[in-house]
Each structure stands twice: as structure tokens, then as C-alpha cells.
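Visitor: Given chain F's structure and the hints, the job is docking chain U onto it.
Number of protein chains: 2
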Amino acid sequence: MAQRKITLQESEIPTHWYNILADMPNKPLPPLHPGTHQPIGPDDLAPLFPMELIKQEVSTEKWIEIPEEVRDIYSIWRPTPMYRAYGLEKALGTKSKIYYKYEGVSPAGSHKPNTAVPQAYYNMKEGVKKIATETGAGQWGSALSFACKLFGIACEVFMVKVSYEGKPYRKIMMNTWGGTVHASPSTLTNAGKTVLEKDPNSPGSLGIAISEAVEVAAMNADTKYSLGSVLNHVLMHQTIIGLEALKQMEKAGDYPDIIVAPFGGGSNFAGITFPFLQHNLTGGKKVRAIAVEPTSCPKLTRGEFRYDFGDTVGMTPLIPMYTLGHNFIPSPIHAGGLRYHGAGAIVSQLLKDGIIEADAINQTECFESGLLFSGAEGIIPAPEATHAIAEVIRQAKQADKAGVSKTILFNLCGHGHFDLGAYENYLAGKIIDYEVAKEDINASLAELDTPVI
Amino acid sequence: MAQRKITLQESEIPTHWYNILADMPNKPLPPLHPGTHQPIGPDDLAPLFPMELIKQEVSTEKWIEIPEEVRDIYSIWRPTPMYRAYGLEKALGTKSKIYYKYEGVSPAGSHKPNTAVPQAYYNMKEGVKKIATETGAGQWGSALSFACKLFGIACEVFMVKVSYEGKPYRKIMMNTWGGTVHASPSTLTNAGKTVLEKDPNSPGSLGIAISEAVEVAAMNADTKYSLGSVLNHVLMHQTIIGLEALKQMEKAGDYPDIIVAPFGGGSNFAGITFPFLQHNLTGGKKVRAIAVEPTSCPKLTRGEFRYDFGDTVGMTPLIPMYTLGHNFIPSPIHAGGLRYHGAGAIVSQLLKDGIIEADAINQTECFESGLLFSGAEGIIPAPEATHAIAEVIRQAKQADKAGVSKTILFNLCGHGHFDLGAYENYLAGKIIDYEVAKEDINASLAELDTPVI
Numbered sequence: 001m002a003q004r005k006i007t008l009q010e011s012e013i014p015t016h017w018y019n020i021l022a023d024m025p026n027k028p029l030p031p032l033h034p035g036t037h038q039p040i041g042p043d044d045l046a047p048l049f050p051m052e053l054i055k056q057e058v059s060t061e062k063w064i065e066i067p068e069e070v071r072d073i074y075s076i077w078r079p080t081p082m083y084r085a086y087g088l089e090k091a092l093g094t095k096s097k098i099y100y101k102y103e104g105v106s107p108a109g110s111h112k113p114n115t116a117v118p119q120a121y122y123n124m125k126e127g128v129k130k131i132a133t134e135t136g137a138g139q140w141g142s143a144l145s146f147a148c149k150l151f152g153i154a155c156e157v158f159m160v161k162v163s164y165e166g167k168p169y170r171k172i173m174m175n176t177w178g179g180t181v182h183a184s185p186s187t188l189t190n191a192g193k194t195v196l197e198k199d200p201n202s203p204g205s206l207g208i209a210i211s212e213a214v215e216v217a218a219m220n221a222d223t224k225y226s227l228g229s230v231l232n233h234v235l236m237h238q239t240i241i242g243l244e245a246l247k248q249m250e251k252a253g254d255y256p257d258i259i260v261a262p263f264g265g266g267s268n269f270a271g272i273t274f275p276f277l278q279h280n281l282t283g284g285k286k287v288r289a290i291a292v293e294p295t296s297c298p299k300l301t302r303g304e305f306r307y308d309f310g311d312t313v314g315m316t317p318l319i320p321m322y323t324l325g326h327n328f329i330p331s332p333i334h335a336g337g338l339r340y341h342g343a344g345a346i347v348s349q350l351l352k353d354g355i356i357e358a359d360a361i362n363q364t365e366c367f368e369s370g371l372l373f374s375g376a377e378g379i380i381p382a383p384e385a386t387h388a389i390a391e392v393i394r395q396a397k398q399a400d401k402a403g404v405s406k407t408i409l410f411n412l413c414g415h416g417h418f419d420l421g422a423y424e425n426y427l428a429g430k431i432i433d434y435e436v437a438k439e440d441i442n443a444s445l446a447e448l449d450t451p452v453i
Numbered sequence: 001m002a003q004r005k006i007t008l009q010e011s012e013i014p015t016h017w018y019n020i021l022a023d024m025p026n027k028p029l030p031p032l033h034p035g036t037h038q039p040i041g042p043d044d045l046a047p048l049f050p051m052e053l054i055k056q057e058v059s060t061e062k063w064i065e066i067p068e069e070v071r072d073i074y075s076i077w078r079p080t081p082m083y084r085a086y087g088l089e090k091a092l093g094t095k096s097k098i099y100y101k102y103e104g105v106s107p108a109g110s111h112k113p114n115t116a117v118p119q120a121y122y123n124m125k126e127g128v129k130k131i132a133t134e135t136g137a138g139q140w141g142s143a144l145s146f147a148c149k150l151f152g153i154a155c156e157v158f159m160v161k162v163s164y165e166g167k168p169y170r171k172i173m174m175n176t177w178g179g180t181v182h183a184s185p186s187t188l189t190n191a192g193k194t195v196l197e198k199d200p201n202s203p204g205s206l207g208i209a210i211s212e213a214v215e216v217a218a219m220n221a222d223t224k225y226s227l228g229s230v231l232n233h234v235l236m237h238q239t240i241i242g243l244e245a246l247k248q249m250e251k252a253g254d255y256p257d258i259i260v261a262p263f264g265g266g267s268n269f270a271g272i273t274f275p276f277l278q279h280n281l282t283g284g285k286k287v288r289a290i291a292v293e294p295t296s297c298p299k300l301t302r303g304e305f306r307y308d309f310g311d312t313v314g315m316t317p318l319i320p321m322y323t324l325g326h327n328f329i330p331s332p333i334h335a336g337g338l339r340y341h342g343a344g345a346i347v348s349q350l351l352k353d354g355i356i357e358a359d360a361i362n363q364t365e366c367f368e369s370g371l372l373f374s375g376a377e378g379i380i381p382a383p384e385a386t387h388a389i390a391e392v393i394r395q396a397k398q399a400d401k402a403g404v405s406k407t408i409l410f411n412l413c414g415h416g417h418f419d420l421g422a423y424e425n426y427l428a429g430k431i432i433d434y435e436v437a438k439e440d441i442n443a444s445l446a447e448l449d450t451p452v453i
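So the protein lines, in turn, are chains F and U. Quick note on the working numbering: the first sequence kicks off at 1 and runs consecutively. Quick note on the working numbering: the second sequence kicks off at 1 and runs consecutively.
If we strip away everything but chain F, and leave its shape as in the complex, we get (with noise of 0.2 Å):
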């Protein structure tokens, strides 16, 4: 019986994050005061951030010891599995191998506890009574609620509209942590009444929900705000990930020549491939890494490496970054973890010095990959992660076609059990795809005055 999956013991959870910024060649450049357009300090960033969080923002250090209460935390459900795809490989006829890293096993369903477990624990030192944050299809507000509960800090979730009606289990798993959730934009705070006054049936947005939330945490002394992505130390603490891949990988006798991620703000991206990504980078092994977005929100296809806030208001930093404009919004694809309109910082240097790669593929092509991924492996992926396997399949054809054999890793982010909606429609037939107009992209960008660069 050939080995499917690639299991790991507790005792070997890794012990450090790694931080990509000590092998990088070219930095990314600093974030910038919204207001004055100059390099932000640590102390502009105190109202939001607990202290531990800004250090590792711009530490240079390349490892970063995980804290043991941390750890013992993540081992309710790390390490997690790799999988040698035998099931898709037979579906698909081809001479490629194919693993993938199972993050769904977590509580709350995805790999988004790897960054809320250390953000609660941080700001639970720091004497922090409650955080505040957004989340969009609610996978990020039900991994915060997580992590707070078992910190014994209180969470208040503001969630996109659109998704708070319409995928009301998520918001009951954040009550059932002990999340507040509240529809945004709310009249909770100045951000939310500024748009509802402009447009009372507002369906919200990530942009949006992350102004009301940032807003909650400057106007509260004991509040603090946590974000789930694009941040360098978000993406540090997801390359727990990768970390564990590599030890699997190892253990299956293998190296991967391309590593595939979906790409919402890159977190999922950073933390399975930073890993090895650090081998290329100190002129190890190489591996081809593969972001993959949907053409609905094409950043890192199709926009422009700029300055640009991370919200819509304008509330954020400026942060370097590959982006469609904080206006820009994007069609109702069910990939919600994936309408955001930038990159962080790292991953957009990365991209910008061509030591990434990225792709962008139609939802119908995702749903497609999707199904024949659970009815071949067992497992139904959530939309995000079905980016991650239509692309895996692109560049098995392409392997066989070009008569080679590939050995390719993926990140299955998550499961799908909240989002079975989706697959409702896409088995009636009811998906569709959304194309983006050239000028819709320019007349976005062409709306900010943040700093070119």
C-alpha cells in the first residue's frame, strides 16, 4: 500500500517562524504616514498593533521563536497533513506527482489560526482587553474568535455585509467562540455612517469593514486591531506552514519543482512557499512558486506597484504594494478570501523582482478542479483553495504535454463546509465568469494620489 499521507508528531511543530526579509535582496520599501507620506515608526503604529507584533513587522531576524503557549495551541491541529494526491494523479492520467498540505483540520477550517493564535497571545501579554477586526467571507473572524476565546480576550467582528446575510453559520461559529459580529458598514463608527449616507443598502466590503474595525481600535485605549493578511508578521507566522512541509517533504523522499498557492492578500501564499523560497534565495535548490488570484481580482496580473492604503477609507498606512486601487470592487465571485484590491509588501517585491510567479483563472475553471479534486481525494476544498488545484492541473497538462514529469506541492487552505452554496450553483449550472474591463482597472488607479513609485 503506497503512503498517502505524510504525517509528522507534535514534538516536531517547529520552534521559529521564518522571516523571508533576512534573505530578500531588495527589501520592500517602508510603509508611509496616510497624512504626512513619510516612513511610519513603531509609535504610530502603538494605537494599533501590541508592541511584540510591530518588532516582528520590521525585524530583520531571520527566525522568530514561536512561544510555547503558542505552540501548545497550535497543537490541537498542527502539525497537519501532507498528502501525496494519488486520487487527483489517477483523474488525471499524469506523470507529474502531486502533494498537498491540508490546512482545513484547523478548528475554524482554514490556515488563518496560524497568524490569529499568536496575534490573541500577544495582545493578551500586553494586557489587551478586546480586538477588532474585519472579516469577509468570515473565515478570519471565526479564527480570531477562536484564538481569543481560548486567550480569554474579547473579539468584535465586523463583517462584509453581504456575507453577514448570507453565510449566517460563520457568524454563528464566532458567537459560539464568543465573538460580537456586527454587519458592516455599521453605525458604529464615523467610517461605517460616511458610506451608508452615500448609499444606505452599502453591501459592504473588506475595505470597508477593515475602516470600521481600525477605527474601533484608535478610538479605545484597551482595543486593539488585528489584520489576517498582507502584514509582514502575518505572513511570518503562516510560514509554520511551509516549515512543516519541508520536514514532510523530507520524510517522502522529495523536492518540489512548483509550489501553487490561491492569493488573497498572501498569506496563505507566503506561508506555504517562504520556506523554500529561502533555499532560492541562499542558493539552495529552486522551486517555481505560483500565486494564484482570480481574474475577478487580477493585482498581481493586471495592476499597478504602487503606494496604496490597505482600506477603503484611508484610514490604514500606506503599504508598497501590487494593487487595483482601495476603491476598486471587486465582482461577487464565492472565493470571497480573495476580493482584496492589494498584496502586502513582501510579496509584492518578491513579484516585482521575479522571484515569484503569478496566474489568474476563472472561477467556473475553480469550481470544475474543485469537484474533481473531492470526488478523486475525499475532501470538498473551499472556493479559494479550488484556485490553488485548477492551477496544479494547468501545469500537470503542461508537464505531460512537454513529456516531463513535475513534482508539484499545493496549499489546501481549507474545506469547504460553509460554502456548499456555492457548489449548489455551480452544479446548477449558475456560476458565472466576470471579466474586467482595462478601463475599469485605469479608472480605479487613476483615482489615487498616494505616491508612485
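Wrong hints could be hidden among the right ones.
Just so you know, same-sequence chains aren't split out, so a pair can sit in one copy or run between any two.
Claimed, not checked - Keeping only pairs whose Cα atoms sit at most 35 Å apart, straight-line, the calculated DSBU-like set for lysine-lysine is:
(1) K129 / K97
(2) K55 / K97
(3) K129 / K5
(4) K285 / K406
Simulated from the structure, these hints should not be mistaken for laboratory data.
Guide: Relative to chain F, chain U alone:
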């Protein structure tokens, strides 16, 4: 850092199921033909089941080999983790040690695939093209759809109408794996039509859905029937849980004083307890094995031990069981998987002989326990699983009161991702308990004209 999770490698998946029939001091009485009331033989069951499963149903061999193809599919989610519940212990302030085996990591989210996979496999091997089955809350129907998809055979599911309408995600999950799902009672069978003639608005029941599925299998040569609990071979397949738990307990350097599991038809309970009861029955260490049922469906604690049908219409063989009468309609509690009128023959005989124990708990106590658990351990349990948690808490408190420390193991049989509506009701104070009047049980039993034992 104390070890939280006891993990096994894929190579440690057990190679044989344990058949407790070999060790029972009193074997269960034989099943009877529903018409003649004579003991049935293999030929009577041949229209419904493949021959290998019929052999397993009557086998008294102690160990039955697990086919390699089945172990290969098992390896998608097995071995499952066993946890030391440090969080729950701390929340209770108990001196007792609590462990749980977590079966919610399977693709269908419960222990049900442990038997769905071998059942689909043996059917496939004997050339069966389609399996018909029933499902209540949807756990079993999704497990069998998953298994049938992997072995390339069709699956037709009769889903209790009230769940079909109230739990659409479970239905879509089955569709995603290629299963065909009908609301039961349906107009596709005589059994369904008969029920609908009497009551066009019938919400359905597990007993009715079984009648429909059995009829479809009996009327179609290429179609067999499959049951998710109650029968001997089903309970035996589930012993994979306890066999792994034995190894994990050994690794933890511990052995349980008490094992607790929820009780519907018996498969979940049998799965975790039988491999330990083996030692009780053969002169080894003794454990207390406690089956926990809802007070609203109390066949073990308040039912009668006699022959009864497995279904409502009276198409199945008569089974010697603790029963509330096959016409008993349990109140609409949220633990749909525990709303069944009878218990399997083996577990009934073990209870009769004082080898196992039973307890009944109200659902409000169960939800309270489930919520405490999810906050302390991170995993949101299925309503069925909360019955075990509530009993564990009772036992730990009793031990503390007596000034002793017990080692308690329970089966966390599934996650609650599709039951969050129930948690919402609980959080809103809308969950109520149901008392079953003595007269109602007596009236239901008085309707039986089946043989008394």
C-alpha cells in the same frame, strides 16, 4: 510543554477489525424473518446485502482482515488523533484525566465513513451498481455518498424530509460526491406513498426512510441496501476507532477507567468501547462503558428488550433489541443521529448482561457542555457528540466529589459545522427539553405484535 495530541502513523492503521461476538458470554438471539418469525439465513439477506457483508454479519471469528483497498481509503483521515483534554480538565477544575478520540477529521465529518467505505467496497467487488440508503441528519448519507464516489458506484439517499428542508448543506454535500437525494417520504416507493396517503404533510422519520431504501434495493437487481448503524458488521467496522485508541492509550502510558460514547443505534459506542471490552470479557483490565442517549429517545434506559423491526413499515428482519417500539416518534431534538427507536442486537445483549451501562441526558445540558468544550478545547462538537461530553462532565464531577481521580475516554464522533443553527438556538435560549411520558412508551410498545423474548 505537555503533549496534547497522541498521533499514530499511517502504517499503524489496524489491519483487522475486532468482532466482539467471539468473546461474548451470551450471543445475541438470531434475527427472525418478518413474515414467518423463523430465524433467517444468508439467502434471506442476499437481495439486500453483498455476500461478504452477510458473512461478516454472522461471523464469530474474532479478527476480520481489513482489505488493503479499504485501508488505503481509510488513510485519507485515519489514524485519527487522540487528545488529552487539558483545556476541559482546567475548565472543570477536575482531578480526573480526560481523553478524547476525534472522528470529525473525516471528509464527511464523522465516524460514519469507517463503515461506509468497506460497505461500498464489498458491494463494488460483487458487481453492485447502486446502493440505496436512508439518512436522518445527513451524516450517514454523506458518508456513503463519499464512499460510493471513491469506488465508482451510484448512491441513492432517502433523507428524512424535515432534515432535507432544514439542512440543505448536507444534501449539497451528498450531491457534490455524486449522490442522488430524495426527501422522504417520497412518491418513488410504495412505502412512501402509503405514508403520504395517510399524512400528506408527514415530516418523515428514519424508520420511514429505511422502508423506502429497503424497497428500492429489494425491487432492483443491481441495487443493494446499506445501513449506517445497528447491524453487527457495521458495529464491527467501527472498532477501528477503539483499536487505534488502545494503541494511543498505550503511547500515553494510560488506560481508561471509564469510556463514554453517544448512543443512536450503537455503532459509535461499539466502535470506541468494544476493543477495550475485549479485555473485560477475557479476564483483563476492566473498564466501565457508558452509552449516552437523549432523554427524549430512551430505549436503553426505559425501553423493552424484545424483538422489533428496524424500520417503520415492517420490512426488515426482526432484531432482538432494546426498543421503544418501531412506531415511536422521538421529539425533534437537534441530535438527529440519536433519534432512533431501537438498539443493535449486540449492544442490547451486552446491556442485558450488565457488561455495559446506559445513561440518558437532556439536550440543554448537552448543549451547555458542548459550548464549554468548544471554548476550552477549540473544536465545536456535533449535537450527538455533546451527549458524551455531558456524561464525561458528570463522571468527572462525581469522581471529584468522591475525592478520586478517574481516567475517562470519550468518542468525539463529529464536528458541528452543519449544526450551527442548533447552537444559534441554544445561544438565544430557544432550546427546550422534552419529557417522554411513561404512558407514551407503554402505548408505543403495546402496538407491537412481534415476539417477546
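Visitor: May I ask which of the numbered hints given earlier this structure violates, with the numbers listed in increasing order?
Guide: 2
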